[in-house]
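**Q** Chains as they are written, first to last, in my numbering: chain A, 14 to 357; chain B, 14 to 357; chain C, 14 to 357; chain D, 14 to 357.
These are computed hints drawn from the structure, not numbers from a lab.
Glycine residues also receive a C-beta, built at the ideal position from the N, C-alpha and C atoms.
Just so you know, nobody snuck in bad clues.
Over the 12 angstroms line for every Cβ pair with chain C, so calculated as not near, a few chain B residues:
id	residue
1	Gly24
2	Asp172
3	Arg204
4	Thr229
5	Thr290
6	Ser311
7	Pro347
Quick look at which bits of chain D chain C covers, simulated, 3 or more residues with Cβ under 8 angstroms:
id	stretch
8	294-302
9	308-321
Computed beta-carbon distance windows for the label pairs:
id	chain 1	residue 1	chain 2	residue 2	range
10	C	Arg306	D	Arg355	57 to 63 angstroms
11	D	Ala300	B	Glu160	56 to 62 angstroms
12	A	Glu160	D	Arg356	51 to 57 angstroms
13	B	Arg355	A	Arg306	56 to 62 angstroms
14	C	Ala337	A	Gly24	32 to 38 angstroms
15	A	Arg125	D	Ala300	49 to 55 angstroms
4 protein chains.
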Amino acid sequence: MVEAARARALGLACGSLPAGHRNTITDVPGVLVGHTTINDGDVHTGVTAVLPHDGDVFQEKPVAAGEVLNGFGNSIGLDFVNEVGVIETPILLTNTFGVGTCANALIRRAVRGDPEIGRQGPTVHPVVLECNDGYLSDIQAMAVTEEAAEAAMDAAEEDFAVGAVGAGTGMSCYGFKSGIGSASRRLLLDREVYHLGTLVMANFGRAGDLRLPDGTRLDPQAARIPEAGSVALVLATDVPLSHRQLRRIARRSFAGIAWSGSFFGHGSGDLVVAFTTANRIPHEPDADILDRRVVAESRIDRLFQAAAEAVQESVLDAMAAAEALVGRHGHTRPGMAEHLRRRA
Amino acid sequence: MVEAARARALGLACGSLPAGHRNTITDVPGVLVGHTTINDGDVHTGVTAVLPHDGDVFQEKPVAAGEVLNGFGNSIGLDFVNEVGVIETPILLTNTFGVGTCANALIRRAVRGDPEIGRQGPTVHPVVLECNDGYLSDIQAMAVTEEAAEAAMDAAEEDFAVGAVGAGTGMSCYGFKSGIGSASRRLLLDREVYHLGTLVMANFGRAGDLRLPDGTRLDPQAARIPEAGSVALVLATDVPLSHRQLRRIARRSFAGIAWSGSFFGHGSGDLVVAFTTANRIPHEPDADILDRRVVAESRIDRLFQAAAEAVQESVLDAMAAAEALVGRHGHTRPGMAEHLRRRA
Amino acid sequence: MVEAARARALGLACGSLPAGHRNTITDVPGVLVGHTTINDGDVHTGVTAVLPHDGDVFQEKPVAAGEVLNGFGNSIGLDFVNEVGVIETPILLTNTFGVGTCANALIRRAVRGDPEIGRQGPTVHPVVLECNDGYLSDIQAMAVTEEAAEAAMDAAEEDFAVGAVGAGTGMSCYGFKSGIGSASRRLLLDREVYHLGTLVMANFGRAGDLRLPDGTRLDPQAARIPEAGSVALVLATDVPLSHRQLRRIARRSFAGIAWSGSFFGHGSGDLVVAFTTANRIPHEPDADILDRRVVAESRIDRLFQAAAEAVQESVLDAMAAAEALVGRHGHTRPGMAEHLRRRA
Amino acid sequence: MVEAARARALGLACGSLPAGHRNTITDVPGVLVGHTTINDGDVHTGVTAVLPHDGDVFQEKPVAAGEVLNGFGNSIGLDFVNEVGVIETPILLTNTFGVGTCANALIRRAVRGDPEIGRQGPTVHPVVLECNDGYLSDIQAMAVTEEAAEAAMDAAEEDFAVGAVGAGTGMSCYGFKSGIGSASRRLLLDREVYHLGTLVMANFGRAGDLRLPDGTRLDPQAARIPEAGSVALVLATDVPLSHRQLRRIARRSFAGIAWSGSFFGHGSGDLVVAFTTANRIPHEPDADILDRRVVAESRIDRLFQAAAEAVQESVLDAMAAAEALVGRHGHTRPGMAEHLRRRA
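Pulled out of the complex, with its shape left as it was, chain A reads as follows:
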């Protein structure tokens, strides 16, 4: 349940398109999110799972695309996503050194669901995105387990927490404590209602560079260390789209990141996975030629705008709910909400 303060509650709504009911990625029907949060001594980390639908993702593969602005990172799965144009597992987010273990967990879960994987049938291709939480958390402990990954998937539901939870537990953004943020936008196409939602693990930006929607800068007065944390983005929609269209839309999330103040620092990986729940490819189709629906390209600008706005708001949302933390080695990140209150 989303109990923490949201960006919008702090007056930080972004853009002009209407938000969905929850203003999270789960406004896209069927999408579920779950967390495992690990706070244990110097370890502040976890796993966040995004499930594209509540069925077997391997059997019903959503059309998907990946996009990379800055490949500085350890994420796995984007080569496959862009080659075949689908995801076939849930998407896991975790810390930089948890990718291998989360990939193993996704493989084992898929095999449990379909014992022919890697036997009669082809293998399965996990998708894991990551950010480096080593400033606040003991990343060398490699504390993420396959059980933690499983638990995040098992916990997935429509109502989920934002802020310093799950994979976001140890993340920082623009010098503030950060975590997982989310937002959504509502769209009309052929007079029907659709949604585009985003979920962001925001762990980037130099202190002092944060820009609020009204243009003001917010500076936690922390050291201006290089931008070296990364940002991982998941974009979901129920608008019918092709792989190429999803990739174009994913690219617009870079506008949302830039609007929040960043110039995409060298050490800050910037990766997006986008999927549509409207086009699903059966693992074993019963025909050679399949029907699909796609948005007319000349109507795609509203999806571009929705993606940029929702990503910008998701970044602020990740900070809005995250309280100050004193982490590993006494490293501290202040909370943005507290900072805003004091400033007001």
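Given the structure of chain A, go ahead and fit chains B, C and D onto it with the hints provided.
**A** Relative to the frame of chain A, chains B, C and D by itself:
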């Protein structure tokens, strides 16, 4: 009319899939090809036009993709093709210095067809591929005119010549005289007949590197100069495909080029444009969401094989019909058919 | 001579890094810019030339890279630039339908400089970027000539005009009259002074979306038509860089575009060409192995920031100097400076 | 110790360039290769490690590049390699479900070498390539351990086994038993001797499609199942090269794969990692601007040819030394050498 010797008539059939009726790109229903051939003193060049259908390509845009193995060249249009996933003009082939003029001709022709282009509506994006025929032809003369480009499009029909005609007039391949070649393969999907056809302007390969389908090498005993000529490929099909799938199929044409003996030399640009006649996007769609059909990815291998085989055979076809030429500066390229006859 | 109002004179400086002496791309030593402006009835267009150095660019090829955020357009040359990692002609900017003619002009000029091009030696690969000025100018007239392109190159010097000149003559941005803008940033590396400069043909953005450096929105109260104009960017530096590094830096110009208010609309091509004057490749090197210098990757963030800031300021600069224009069909674009004055 | 039959000993030398002394990737000075082989019941798998030099790879990062022809797979690390242009760990090869565990092993080993990784300093980015050995081995057992990965790195030396060892233990190629193969080519640049070497985990190709260097086909008379195994390639050289040049060279390995008979099947991932030992980037450079050496682009064709030839021969080498295996579920792959002997 295809009167010249074809690769297959010389015993140079490639692969195992059945060829279409004509064994050319026009086995794909609706596709038309036309040439303008320019032989004037030291000038041996021209234009070849591939029309994806006999309607207005700007109003009915075939889904398309471009792929580049070696970007050494001056071709225009692939950025647009891969961004929007369509072609909106015929595809022109010409020499390296004729690209600008052919692009101008495509723009003027499109404007004649739709006077709102660049006024109320958006602009139009021409596609022109090129190879360097400067060894045999005076490329500095810049002899290709907009009229030549127009004439090639006006001449387009199902029966077209291969060999040293059109844009292929001054081309060389593996030390032999070359030109335009074509081939096709027939496919069954859901028990219906489809075709995949290729048209190649073959102007690459070092003398001595040519490999025939049975594995033997063919050496014109010419100087082993660097591979610096380029190859331009057009791939057409009536199988319903997405942009991503077309791009994957286009990539398999590299196997066909390699099978003919090349290792993709530094100075030899290698570009493909692939389109399907089965998915057309109206310039002004009357709905936000459109229906499309695509092949099931698990059935795509037969298209990969068809593309590789047809490209390999198209390369041989380009040489099969091209007779020896003494061109600019006394430069000479022997004919492959004559060479094969003497060798037999 | 830069006489028109500059962005900085209007209080629109961007970012925190110091600007160079002229605050234009020609702060990079050796870089020259020239314009040909065409105002003739309904035609308001032209050509702008960026010369990377005052020598023969074909003989001394600057290391270069291209980057595409949105390939919606007709530009030529980026495939070659990214394959071989150099430019070998000046860079020309013009309108969407002038690309072919400008490419022809670049070829002819190169052949005059080296009569072996396309004979004994390889061909030459022109670079032309474009935007669609069809709202204010009669683009169907195809008014750009090879002479206009030549004249722009011949006129190139360190002091050059910004605003509605050259290729910028008929351009619009965020509903305002726009044109060519420029900016630069000064950098210290190993205690030596370097510059990074940008030149932008700004022809994008919906009316109402323009954001000033202080975060306020500026709305000309014009129709909110789709973003369909494109933006073409040239980035120059004397910092020694590799192709890969230039490409990373070029990608940061997307932050500058986003900071100005855009979400990268569907119909708005977004292309960058970046080059360094510090690494030049001789056309005929006298050794197999060449020496090069590159910036240490861990110091590259200052170049990222410089690129983002300079591009943002170049966009504002393009509008700052451009006065209101009533163009083709009575279409009108107000001037931003006048709008700011009235607002103050 | 390379004791098994080599491709060359079977008369299967490829191309015309001279091989290095060992005709393996370790002809590139400093490169080392080690294996861990796991044969345990139905499990036939392992790990193969390629060390670019015998120092600390994290402290001295070789310039590197990745290239993907078919992204169907689970490999990790290519995004980073292409973003920053280096590798900073050894390269591990393993089965499709061993990637996560091998990545974990690489991270732990790097942290042991530099305890500041992920603390004061940035994180480390492992590179792991994979193929699916599920036909012969019980891939669901996930039998690869971090210890196995460590052992492969610890065992690395100049003399190493080829054939069904290490990661190659359970691999198949064109219906034959396969494994790890290697080859090298010797090059002269500026009158000095250089080497380019390749190591291939060959696990692709339909039975019947294998083509020997003389053009003949070799068919094990096995079921023609779809090409679904993948091929992972490592390319090393001591020629000084940039990231862009390494990527171009890596792309030529596709010619070698095609020459062996493949058309790059849908389910067969095809990935290359290429590095040069001649350009190493210190983790903490002591200057902002660094010296580098690169090959003149006009001399790069000999490297292209070397890569294509060495990859083709490496594929044959992987089969030459691999004896027939009856694996999981009674699945059998005959040995190519035995097949050739019987045929002779």
